[in-house]
Amino acid sequence: MRKSALVMGVATALAVAGCGGAGGSGGSGAARSGGTFTYAIGDEPETLNPVLQDEHIDPVTEMVFRGVTRHDAANRVVPGLAESWRVSPDRRTYTFTLRKGLTWQDGKPLTSADVRFTIEEMKRAGAEVPLSRNFASVASVETPDATTATLKLSRPFAPLLDAMSVGLLPQHVLQGRKLTDADFGRRPVGAGPFRLTTYKPGQYAELVPFDGYYEGRPKLPKIVVKYVPDDSARLIQLKTGEVDAAHVQPQQVAQVGKVKRVRVETYPTADYRALMLNFRKPVFADRKVRQAMNFAVDRDAIVSSVLKGQGSPATGPLDESPYKSEPAPFSHDPAKVEQLMTSAGYAKDGQGLWAKDGKTVAFELTTFAEDSARVAILNVSATQLKQAGFDVRPNPRPRDWVRKHWGDLDAFVVGWGTPYDPDSSVYGPFSSSEALAKGGSNYGSYSNPDVDRALARGRDTDDPAVRKAAYTDLQKALAEDPPFVWISYLKTDNAVPTTLKGPQQRTLGHHGYGFFWNAEKWSWS
Amino acid sequence: MVLVLRRRAVTALAVVAALSALCFALLDTAPGDPAANILEARSGGRPPSAAAVAELRHSMGLDDPLPVRYGRWVRDAMHGDFGTSYKTGRPVSEVLADTVPWTLLLTGAAVLVSVVGAVAVGLAAALTRRAWLRRGIETALFAVGGMPGFVVALLLLWIFSAWLGWLPSGGVSQPGRPVTAGVLLPHLVLPALALAFGHHFGAYARLVETGVGRLRTAPHVDNARARGLPGRVVVPRHLLRPGLVPFAARLGVGVGGLVAGAYATELIFSWPGVGRQAILAAQSQDYPVLTAIVLVTGLIVVAANLLGDLAVAWLDPRVKLEPAHAH
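Heads up: the protein sequence lines correspond to chains A and B, in order.
Everything in the first sequence is counted per this note's numbering, starting at 186 for the first residue and increasing by one.
Everything in the second sequence is counted per this note's numbering, starting at 46 for the first residue and increasing by one.
Please note that a few of the clues may not be correct.
To spell it out: a stretch of chain A is covered by chain B in this simulated footprint if at least three of its residues, at any positions, have a beta carbon under 8 Å from a beta carbon of chain B; those stretches are [said to hold, decoys possible]:
#1 231-239
#2 339-352
#3 367-377
#4 408-414
#5 499-513
Don't read these hints as lab results, they were simulated from the structure.
All C-beta atoms in this analysis are idealised placements derived from N, C-alpha and C, irrespective of residue type, glycine included.
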């Protein structure tokens, strides 16, 4: 009797297990060379509308849309939907000539009216579409014929060509709807190389080549972007072959190296981490102290420990830009710290901290507590600074608290930088006209007349030689009077099949987005 | 019976009303500003200007006082309109329709695994005379009981997906293929097992074991055996049915925990359910979505408790669901 009960129990257990075994058809089997390319990523965008994503856009949006201009592997502006453009000598009139015979992915013709529509609608949406700031200087858009769009500017704006790389929106689809239209955000129509056929929020997006793409039909027959939020799950799917490729975390790169059929593509990004100092605080008044702090952090140690080698030491805001000049001399140099602090009138006190008139270089270093990578940088750099004699109190705080107290923070682990026009990278954080009190994004209230002059010169021209000189001056001024303690640029890693040809390295933007920038050229070997 | 259901329906309504008010009040006092959040997401993480935030708050109706906003929400909800997602602009009802069925399927499967598994393991432990088996089961239950749900999930993933390669590691089907039962089932196995074994499974099996074990030498069982009834009658009727009462009572309550556990499980297994939505909505302060999800979760818990009570009443005839005056 007892035996039969036991048998019954075991039988039920087996039934449960059996129900698993019956369906056990594991992964889809990898190495589908020549077929669908499946890529796993953690972040799913809230909308696939490029004007609601700023300059750093997710893979699907990137492939569906194309702008009037675009960027090449060196992040230079090159023709996109426009085959050419002319800029008037006073740099207030930009005339774009679109390529002949362009169509949208739904087959409708793409004309200069779409250019006007995209710019005007973004301007009209105002605060709802933060990217509209790039078009604030555009007074009007004229369309003398179907392939010509003429932008009249109220004042010269050097980054305009850069801004024109924003994905163009189809007037015939969005006419009478808001730019924030949810339906368009899920069923986008663009002029990019791939067309979205299926989008299952929370699951995947499926794209096929767009026959009417202006550079010819892309070679990959199908691309699936799978949303797999868990980092470990992404790695497992890569191992089992459920996906061909995946975005991986720095600490996973070593493990990915053991997966057969896969190679890791590591791209630099212009996304840097630095300690932003608040210039409202007298403790940071002396530039020698800030220089000394820049010599006190051991960037290589942070890159190898926190970033597992997936980063590079930062010495300024344009290290990854074509406008990079001679790098600032900052390195880990305790002797230099000693020399700078002594010449600034500081001496080590009983606790080994630099002090002047009885006051140490005391400040709180904070960051978004939710961002574990930034917290790690915060902890390591605070320890290094402390060892060098700076009285740092590391204290991560909730994102929301930080948002309300920008003006009160002492120092903050900041993330900044874009690979595109240098103006968008440096004007916001370092121009005194963008100071926090004026509603700008210079949260540290940094102010330096030399920097302001260089920023203005770089912004008001598009003569490459003048700009190069202006941004060289800027980097020199920032090195002499450092607004930040520079830490590191991040790198981004993607695992792709060894049989995939075509990914080309480029300096990417925030979140390492932009990996699919030339997906139209990818193919199976 | 009908009376019971009607009374429970009224309770459920009251729960929903209370939950919605509580949810509104809590979200209102929660730190953060949905408008600022939206604008920050749209500008690559750059903090937006105060003027832009104020403008968007106004157009979102966020600067109305709390009672006005709640009143508006109740009025719309009465008409079946739960608003639109702040983040994606999609109607909340659409979001729920897309996600709730997946969560119900996952939790349903996990409940099934819990019941069948706990009864099987519990019975085996209760009825065996082999000490090593009982001890083995107890040790295993202790180990499983001590593991957080997400650890169980990752362990299962590594063993059955990464190592053995028997089962897919996430999602509900292969992208682009229709979701058929044959495709869905293997995708369901790991998350359902993870959810079941990661949440109270040890407690459930122990409840079965003690519930049944307690009765092994009970007079009515001895009596039944003395009458010469075969084991296949004694075990289900005299041992199992009364022995399962503590387990059934606990299960009804436990489903609430299971639904909560589904949130983390869904994230690990890329399961397109409501839990993943809830986490995203909470992170981005997408209040309309979050409120609706809280309500749906509340309803599931109320329903599960009712089912648990009904099960107890069926197992134990002494339990009366109807209040005395209803007779």
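The hints, checked one at a time:
Judged by the Cβ-Cβ criterion of 8 Å, the region 231-239 of chain A is covered by chain B as claimed, because 5 of its residues qualify and three suffice. Under the rule that three or more residues need a Cβ within less than 8 Å of chain B, the assignment of the region 339-352 of chain A is violated, with 0 such residues. Here the region 367-377 of chain A counts 3 residues with a CB under 8 Å from a CB of chain B, which clears the bar of 3, and the coverage holds. Counting residues of the region 408-414 of chain A whose CB lies closer than 8 Å to any CB of chain B gives 5, which reaches the minimum of 3, so the coverage claim holds.
Given as covered by chain B, the region 499-513 of chain A fails the check, having 0 residues with a CB less than 8 Å from a CB of that chain where 3 are the minimum.
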